[in-house]
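Protein chains in written order, with the working numbering: chain X, 13 to 657; chain H, 93 to 288.
These are calculated hints, taken from the structure and not from any lab test.
No residue lacks a Cβ here, since even glycine has one placed at the ideal position from N, Cα and C.
Any given hint could be a false lead.
Pulled from the structure, derived: some chain X residues nowhere near chain H, Cβ distances all over 10 Å [to be verified]:
| no. | residue |
| --- | --- |
| 1 | Gln84 |
| 2 | Arg227 |
| 3 | Gly253 |
| 4 | Glu263 |
| 5 | Phe275 |
| 6 | Val313 |
| 7 | Tyr327 |
| 8 | Tyr354 |
| 9 | Lys412 |
| 10 | Cys475 |
| 11 | Glu581 |
| 12 | Met601 |
| 13 | Asp629 |
Here are the computed distance ranges between Cβ atoms for each label pair [stated by the list, open to error]:
| no. | chain 1 | residue 1 | chain 2 | residue 2 | range |
| --- | --- | --- | --- | --- | --- |
| 14 | H | Val198 | X | His532 | 55 to 63 Å |
| 15 | X | Asn364 | H | Asn196 | 50 to 58 Å |
| 16 | H | Ala158 | X | Ala237 | 52 to 60 Å |
| 17 | X | Leu606 | H | Ser96 | 45 to 53 Å |
| 18 | H | Asp106 | X | Phe464 | 40 to 48 Å |
| 19 | H | Ser96 | X | Asp312 | 30 to 38 Å |
| 20 | X | Val614 | H | Ala273 | 48 to 56 Å |
| 21 | X | Ile594 | H | Asp106 | 40 to 48 Å |
| 22 | X | Leu606 | H | Ala273 | 50 to 58 Å |
| 23 | H | Met188 | X | Asp312 | 57 to 65 Å |
| 24 | H | Gly187 | X | Arg627 | 44 to 52 Å |
| 25 | X | Ile594 | H | Asp157 | 46 to 54 Å |
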Amino acid sequence: MKRVLTLLLAFLSTFSVWGQNTPPDSTQTNPRLLNMVVVTATRTPKLLTDAPVVTRVITEQDIRNADVPTLQELLQTELPGIEFTYSMNQQVSLNMQGFGGSSVLFLVDGERLAGETLDNIDYSRLNLDAVQRVEIIKGAASSLYGSNAVGGVVNIVTRTSDKPWSLRLGSRTSSLKDRQHYGSFGIKRQRWNSLTDLHYTDAAAVHLSDTGDLRTIFANSSFNASEKLHVKISDKISVTGRAGYFFRQREKSEEANDRYRDFSAGLKGNLEFGQSSDLLISYAFDQYDKSDYSIASHLDVRNYSNVQHTLRTLYNHSVKSSSDTTVFLGTLTLGGDFMRDYLMSYQFTDGNHIQYTADAFAQWDWLPTSRLNIVAVLRYDFYSEASRSHLSPKVNLMYKLPRVNLRVGYANGFRAPTLKEMFMNFDMANIFTIYGNPDLQPEVSDNFNASFEWIHNQYNLTCMAFHNHVKNRITTFWRQEKNGMLYSNMSPVSISGLDLSLAIHWNNGLGLRLSYIFTHERTEADGMRSSSTRPHTATLHIDYSRNWRLGRTTLALNGRVLSAVTCDEYTSYSDLSQFEEITYPGYTMWRLSLRHTFSRGVCLTATIDNLFNYRPDYYYNNSPATVGRTVALGLSFDVDKCFSN
Amino acid sequence: MLVSCDGIFGGLYDEPAKNSFGFIQRDDDGHGGTIRLDATSYTRWSYIDLHHQHIDTANITLGQDAPFEWDFAIHHYDVKTHDGTATESPFDNVGMAIELEELNFVADVDSQVVIDMSTMMEGYLGYTPSPVNPVLSHWLDVDLSTMPPIYVLSNKVYLLRLGDGTLVALQFTSFMDESFAKGIVTLHYRIINTPK
């Protein structure tokens with residue numbers, strides 16, 4: 013494998029000899045990316061280089077280059093330290109540097125997503141074709157985003173129509189018999205713009221093994237439709253409306269299919285006051301349902317519904333020097349949210365539950381000198397059913413030197429007990445019952461981080477050290493007196509590590525990005541190694557782009573390297589003194605893709621996934637669900653480019 | 093209601109079917125039909141009397157006896173017969189079943205059935221001795237090596253020769269109800285012939 017990799021690198025390096033003045037295709041290695049505006053770090057627009065927290069951005073171009081069908085695969089491809097695995101009942105489960113799905117907040121255009129299964133949102137709801145960029149912040153961010161932002165925030169920013177009209181149609185299929193068809197139609201006028209996205213996927217069942225923890229991946233199909241309409245009422249007032257529908261079906265058995273639906277809508281108004289203030293008011297609705305469809309009786313019976321109504325307001329006021337109005341001193345941000353969270357679940361025996369949450373926060377983004385930026389935030393959250401409140405502070409300092417950005421920060425994170433965790437009463441097949449616990453304490457984390465960023469011409473090096481101290485993590489423990497599992501707070505956990513990233517872009521069209529993360533997770537109770545977080549993970553990305561008379565070709569190689577991890581696992585639920593050591597093997601996965609875009613908007617993509625044909629000896633739940641090397645072909649057509657000059 | 097604070101489009105979904113138990117359907121000629129019974133409890137046998145189309149139950153842990161007249165009984169997914177024998181047939185459904193001479197009928201054997209699952213997480217189950225028909229009890233394969241367990245219906249038509257010589261075709265069609273609650277057993281039966 014090393015020899016093949018060396019040959020590939022040598023092959024790519026030869027292009028520098030033929031070097032042409034070709035603009036780069038990987039925006040991650042492009043210094044122009046540093047002029048990109050991001051919003052997640054402060055909930056206000058900021059240049060990426062000015063963000064007080066290290067923000068990783070996956071652009072629309074990166075998404076196209078990666079040529080992956082799902083958000084999970086995109087995040088795994090682009091970032092080390094992220095691992096999506098399967099948990100019980102083949103449900104997708106996230107581990108992001110020691111934090112699970114309930115401790116990493118996923119947002120779409122800043123809005124939360126309703127619904128969860130085994131502590132993870134339905135990641136398949138997130139349609140990559142509608143994504144403009146993904147902003148990722150690692151570490152706590154509850155002072156801006158409230159509950160769940162303990163280990164990080166992944167904010168998916170959707171596309172907006174930026175052409176008079178656009179029509180993109182596409183299809184992708186692989187040797188695993190999974191297919192995707194998608195289309196989007198956009199219009200932009202002086203006062204309004206609209207974008208409609210449609211996406212359909214269909215994946216056949218995949219048999220992996222006869223004896224592993226993971227045997228057959230269920231067949232899946234999904235449909236996703238969304239519409240976003242932006243209207244500029246005046247120079248100072250604009251309104252954005254959106255609506256979406258999602259449907260997914262999982263063929264779990266010969267008798268029944270699992271069905272998942274989501275209905276979402278939102279209305280957002282922006283008002284500008286003078287030159288220095290603006291106000292955002294928004295309402296968001298999100299309903300996530302699960303149902304069982306009986307193939308014999310054709311009955312589709314709903315057994316879960318999570319409905320969230322959220323009202324939000326955000327006010328920004330820019331402060332300038334009274335003596336010199338061209339000198340910008342800082343921005344004051346005030347905000348508040350109110351949410352009604354309704355949950356109907358088959359795991360409740362005492363009816364449905366509703367929780368009201370309210371919060372208010374203030375942020376002072378201060379520029380005392382041209383080199384120094386200090387951002388301080390304080391937020392108060394209240395949860396009605398849990399009868400809990402939480403105060404989340406955060407302070408970030410950033411000092412700019414020529415070519416160097418230094419950042420240090422402290423952030424508090426928390427996760428309020430969910431309705432499920434408080435009120436569950438679920439009989440597991442007459443074996444035992446899982447009980448909720450209304451007395452749960454919120455999960456709380458203290459995050460410390462320091463980073464060094466060096467930017468010089470085509471080079472960009474980022475080094476970040478982080479430490480998280482997490483208290484009261486919520487999980488289930490066996491309780492003999494109840495003869496069942498009870499949601500409880502666990503002993504403190506420490507998660508520390510180092511995050512290194514190097515990006516280089518050569519002017520000949522060749523780009524390289526290498527990222528590595530070391531994560532050390534430690535439970536402070538009994539010395540037991542309960543963490544299955546892999547200590548060493550790395551990603552490598554190399555791409556080369558070249559313009560031809562017939563269009564533009566991009567060759568991209570993406571690699572993931574994951575180390576083995578050894579941990580202790582309980583062999584008995586009821587006797588916690590019984591556990592055994594287990595080692596999950598490390599592995600690497602490589603993807604090679606070739607993409608050619610013709611000048612009239614037709615794009616052909618060919619991808620070899622799992623290039624070196626890796627197959628696990630035994631399929632654990634955290635093994636890659638691969639049957640070996642596969643091939644995918646894609647075709648997309650930007651129809652509007654046929655008619656443009 | 094189309095719109096409410098608690099959600100929209102509730103009309104997309106169906107109400108769960110209400111379970112009816114017993115001899116829920118009878119063929120026009122009176123020789124067959126469909127039986128559904130609640131076998132969720134591990135401490136109960138459900139005794140089926142085909143001749144009188146009657147089902148009775150007896151609690152194992154309370155020491156309750158079987159009724160005087162019964163033909164076969166179901167405990168969760170275990171099956172036993174009243175001095176009968178059973179075999180697997182090549183037929184696709186009970187309506188096609190006829191008597192075949194060459195089939196090998198098997199009597200019940202001494203075995204044990206689970207009566208207490210609550211200790212499963214402590215590494216053992218509670219059993220009680222009981223006869224079980226090894227052929228009929230293969231109507232459902234339950235693989236407990238994964239969570240949740242994998243259930244596979246055999247979909248076979250079984251021939252059951254009762255103690256009085258009556259030949260009956262049985263086909264188990266489901267182990268759960270429309271709400272997917274496990275332990276609700278549905279089966280078709282057809283009396284092929286009765287002793288002269």
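Cross-check of the supplied hints:
Listed as a non-interface residue, Gln84/X keeps its Cβ farther than 10 Å from every Cβ of chain H; the least gap is roughly 22 Å. Listed as a non-interface residue, Arg227/X fails to keep its Cβ farther than 10 Å from every Cβ of chain H; the least gap is roughly 7 Å. Once the 10 Å rule is applied to beta carbons, Gly253/X is consistent with being away from chain H; the minimum gap is 16 Å. At roughly 14 Å from the closest C-beta of chain H, the C-beta of Glu263/X stays outside 10 Å, upholding its exclusion from the interface.
Not every beta carbon of chain H lies more than 10 Å from that of Phe275/X, the smallest distance being close to 6 Å; the non-interface claim is violated. Not every C-beta of chain H lies more than 10 Å from that of Val313/X, the closest at about 5 Å, which undercuts listing it as non-interface. For Tyr327/X, the non-interface assignment is confirmed: its Cβ lies about 27 Å from the closest Cβ of chain H, beyond the 10 Å cut-off. Some Cβ of chain H comes within 10 Å of the Cβ of Tyr354/X; the nearest lies about 5 Å off, and the non-interface call is violated.
Every Cβ of chain H is farther than 10 Å from the Cβ of Lys412/X; the closest lies at roughly 48 Å, confirming the non-interface assignment. Residue-level check passed: Cys475/X sits 42 Å from the nearest beta carbon of chain H, beyond 10 Å. The beta carbon of Glu581/X is kept farther than 10 Å from every beta carbon of chain H, the shortest such distance being approximately 14 Å. The non-interface label for Met601/X is consistent with chain H: the shortest C-beta to C-beta separation is roughly 25 Å, beyond 10 Å.
With a cut of 10 Å on Cβ distances, Asp629/X stays outside the contact zone with chain H, its closest approach being about 18 Å. Checked against the given bound of 55 to 63 Å, the beta carbons of Val198/H and His532/X, roughly 60 Å apart, stay inside it. The supplied range of 50 to 58 Å is met by Asn364/X and Asn196/H, whose beta-carbon atoms lie about 55 Å from each other. Hint check: Ala158/H to Ala237/X, Cβ distance near 59 Å, so the stated range 52 to 60 Å holds.
For the pair Leu606/X and Ser96/H, the supplied restraint of 45 to 53 Å holds, since their beta-carbon distance comes to about 52 Å. Between Asp106/H and Phe464/X the beta carbon distance is about 59 Å. The supplied range of 40 to 48 Å is therefore violated. Checking the proposed 30 to 38 Å range against Ser96/H and Asp312/X shows it is violated: the Cβ atoms sit about 20 Å from each other. Val614/X and Ala273/H have their C-beta atoms about 53 Å apart, which keeps the hinted 48 to 56 Å range intact.
Between Ile594/X and Asp106/H, the C-beta spacing of about 43 Å keeps the proposed range 40 to 48 Å intact. Distance hint for Leu606/X and Ala273/H: a CB-CB separation of about 52 Å, consistent with the stated range 50 to 58 Å. Range check, Met188/H to Asp312/X: Cβ separation about 32 Å, and the 57 to 65 Å hint is violated. Look at Gly187/H against Arg627/X: about 47 Å separates their beta carbons, and that is inside 44 to 52 Å.
The hinted window of 46 to 54 Å between Ile594/X and Asp157/H holds, with their beta carbons roughly 49 Å apart.
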